[in-house]
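Novice: Residue-level listing of the chains:
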Amino acid sequence: MSEVKLFRTWSSPYALRIVWALELKGIDYETIFEDLSNKSQLLLQYNPVHKKVPVLVHNGKVISESLVIIEYIEDTWKDTPLLPEDPYERATARFWAKFNDDKLLPSIWQVFVTQGKEQEEAIPVATENLSFIEEDLKGKKFFGGQTIGLVDITIGWMANLISVFIEITGINLIDADKFPLLFGWMQNFSDVPVIKESWPPHDKLVIKFRAIRESYLSADVPK
Amino acid sequence: MESQEVKLLGFWVSPFVHRVEWALKLKGVPYEYIEEDIFNKSPLLLELNPVHKKVPVLVHNQKVLAESFVILEYIDENWKQCPLLPQDPYDRAKARFWAKFAEEKILSDGAWRAARAKGDNREKALGSTIEALEKIEGELKGKGKFFGGESIGYLDLALGWISYMLPVWEDVGSIKIMDPTRFPATAAWMSEFVNHPAVKDSLPPRDKMIIYFEKRLKELEI
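Which chain is which? The protein sequence lines are Y and C, in order.
The numbering of the first sequence is the numbering used here, which starts it at 1 and goes up by one.
The numbering of the second sequence is the numbering used here, which starts it at 1001 and goes up by one.
Hints may be right or wrong, so weigh each one.
[As the list claims (entries may be wrong)] Sample of chain Y residues with no beta-carbon within 10 Å of chain C, all distances over it, derived: (1) Val4; (2) Arg8; (3) Pro13; (4) Ile32; (5) Asn38; (6) Gln41; (7) Gln45; (8) Pro106; (9) Ser107; (10) Gln115; (11) Glu134; (12) Thr147; (13) Ala176; (14) Asn188; (15) Tyr216.
[Said to hold, decoys possible] A few chain Y residues facing chain C, derived, Cβ under 10 Å: (16) Val49; (17) Ser64; (18) Glu65; (19) Leu67; (20) Val68; (21) Glu71; (22) Ile73; (23) Glu74; (24) Tyr88; (25) Thr92; (26) Asp102.
Calculated from the structure, these hints are not laboratory results.
Ideal placement from N, C-alpha and C gives every residue a C-beta, glycine not left out.
Assemble the whole structure, with the sequences as input and the hints as a guide.
Specialist: Below, the structure is given as C-alpha cells:
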C-alpha cells in the first residue's frame, strides 16, 4: 500500500492539475492544505528550493514542480494514461503543456492584474496565445482526443477561472464566436465527473481573486 | 523500413540547439543541420515554429518539434540506444526538476543577466546565480563523472552550456561566477563534459563566441 500526500492550496491552478491527475488514475492520497502566507515547517522541509506548492510525497520521495509531478505520476501509475503512446504525440502534448505555463497562463494573468492602457496592450497577446491552442483542438473533443489528458488538465484552470475573471473584470477572453472550440472544450472539460467533483467553489474564488487583482492595481505607481 | 530523415534548424551559438545536437550525436542519429539567422528569421522557421519563432526546431520524417527539453524527451523515446533519462520514475523526476531549475535560475535569469548588469542589479543577479549553482554543486557531490553517474545523460545535456558558455560570459562581462574552489564538483564535471566525444568537436570556437557576446552585451546592457 503506497502512501501519497499532496501539499496544496485550495485554489492554485498548479495544484488542481495534480488533484485531477491523481483522481483520474484512482490513486489514494492525503491532502495537506497550505496557507502560503504562513508556510508550514513540513512544506519548507520538503521544498526548500522553491518553497511552493504543489508538492507530492510518495513513500517519502518528494517531488515538486507541477509538470514534473504529473510526469512522475504518469511514470509510476500506468492506469488511465495521461499521455499518448506515440512519441510525436507525446512531444506535442508536452509542447502545449509547456506553452500554457510559459506563455498562455501568464498572458491571461497579465490581462487580469492590469487596467487601462496596460490591460489594453495585454489583451492581444493573450488572444494570440488562445488562437494557437484553439488550432490544436481542431477535430478533437479534448486536447487528449476522446478522453482528457496532460494538456487538458494543464489548461483546465481556464475552464475554472475564466468565468471568475469575467465576473471581476468584465472582460471575456474566450468569446464563443471567436474561439468556438475552446468555448466548447471548457464546457466538456467541466462536465467530466472527476473534474466536476473537485471544482473549487466559484464564490470563494471570486472573493479571493478580486482581492488579488485589487492588490496588484493598488501597487501600481501612478504614471 | 521507414527512412529516417532528420533535420535540425539551429543557430551556431544557441545552447538550446547544442543540447539537441549532443543528444542526436550520442544516439548516433544522422541529421541535416540548417543554420538560421535568428536576427533575420527565414520563412521556413516562421512556418515550422509559428508559436515561438525560435530555434531549435527538429523535423523528423516531416514531424515538426520545438522547445529543446521537449525535443530531448522525444529523441530519447524515439531512439532507444544510449538512454538519456534514467529508468526509475523518481530519478527521472529529479533530472527534470533540476533541468527546469537550472534553466530558470542559472541560464535565463541568472548568469547572462549578471554578466550584463551593473551596480546593484549585478550584485542581485550574481547572488541568486551563485545560490542556484550551490544547489547544483550539491547534486553533483559523490555522483561520479556526470549527473547520471558514469555516463552522460539528460541533466548533463541540459546544463552542458555551463561548461563552455559560462566562461565566455564571465570574460565578456568581467565577472566571476563559477569559482572552481567554491564549486569543485561542478568544475570537475565541466572538464569531463567538454572532453566527452559527443561534445568536444561540436563546440563553437571560443573567439567567435567572445566577439558575438561582446556585441550582445553592448546591445543588452541593463
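Novice: Against this structure, judge whether each hint is valid.
Specialist: So, going through the hints one by one against the coordinates:
1. For Val4 of chain Y, the requirement that its beta carbon stay farther than 10 Å from each beta carbon of chain C is met, with the minimum near 13 Å.
2. For Arg8 of chain Y, the condition that its CB be more than 10 Å from all CB atoms of chain C holds, with the nearest at approximately 17 Å.
3. Every CB of chain C is more than 10 Å from the CB of Pro13 of chain Y (nearest about 18 Å), matching its label as outside the interface.
4. With a cut of 10 Å on Cβ distances, Ile32 of chain Y stays outside the contact zone with chain C, its closest approach being about 19 Å.
5. Chain C leaves Asn38 of chain Y outside its interface by the beta-carbon criterion, the shortest separation being 24 Å against a cut-off of 10 Å.
6. No Cβ of chain C approaches the Cβ of Gln41 of chain Y within 10 Å, the least distance being about 20 Å, so the stated non-interface status holds.
7. Distance to chain C confirms Gln45 of chain Y as a non-interface residue, since its nearest Cβ pair spans about 16 Å, more than 10 Å.
8. Distance to chain C confirms Pro106 of chain Y as a non-interface residue, since its nearest Cβ pair spans about 13 Å, more than 10 Å.
9. In this structure Ser107 of chain Y is separated from chain C by more than 10 Å, as the shortest Cβ-Cβ distance comes to about 12 Å.
10. Non-interface status of Gln115 of chain Y relative to chain C is upheld: no Cβ of that chain comes within 10 Å, the nearest being about 27 Å off.
11. Glu134 of chain Y, annotated as away from the interface, keeps every beta carbon of chain C farther than 10 Å; the closest lies near 12 Å.
12. For Thr147 of chain Y, the shortest C-beta to C-beta distance to chain C comes to about 21 Å, beyond the 10 Å cut-off, and the non-interface label holds.
13. With a least CB separation of 24 Å from chain C, Ala176 of chain Y remains clear of the 10 Å interface cut-off, as annotated.
14. The Cβ of Asn188 of chain Y lies farther than 10 Å from every Cβ of chain C, with a closest approach of about 24 Å, so its non-interface assignment holds.
15. Chain C leaves Tyr216 of chain Y outside its interface by the beta-carbon criterion, the shortest separation being 21 Å against a cut-off of 10 Å.
16. The closest approach between the C-beta of Val49 of chain Y and any C-beta of chain C is roughly 6 Å, which is under the 10 Å cut-off, so the hint is satisfied.
17. Taking 10 Å as the C-beta contact cut-off toward chain C, the hint placing Ser64 of chain Y at the interface holds, the least distance being around 7 Å.
18. Nearest Cβ of chain C to the Cβ of Glu65 of chain Y: about 6 Å, under the 10 Å cut. The hint holds.
19. About 8 Å separates the beta-carbon of Leu67 of chain Y from the nearest beta-carbon of chain C, less than 10 Å, and the hint is met.
20. Proximity of Val68 of chain Y to chain C holds as hinted, the smallest CB-CB distance being about 5 Å (cut-off 10 Å).
21. Interface restraint check for Glu71 of chain Y: the shortest CB-CB distance to chain C comes to about 6 Å, inside 10 Å, so the restraint holds.
22. Nearest Cβ of chain C to the Cβ of Ile73 of chain Y: about 9 Å, under the 10 Å cut. The hint holds.
23. Proximity of Glu74 of chain Y to chain C holds as hinted, the smallest CB-CB distance being about 9 Å (cut-off 10 Å).
24. Contact between Tyr88 of chain Y and chain C, as hinted, is supported at the beta carbon level, the nearest pair being about 5 Å apart and thus within 10 Å.
25. About 8 Å separates the beta-carbon of Thr92 of chain Y from the nearest beta-carbon of chain C, less than 10 Å, and the hint is met.
26. Given hint, Asp102 of chain Y at the interface with chain C, holds; its Cβ is 9 Å from that chain's nearest Cβ, closer than 10 Å.
Checked against the numbered hints given earlier, this structure breaks none of them.
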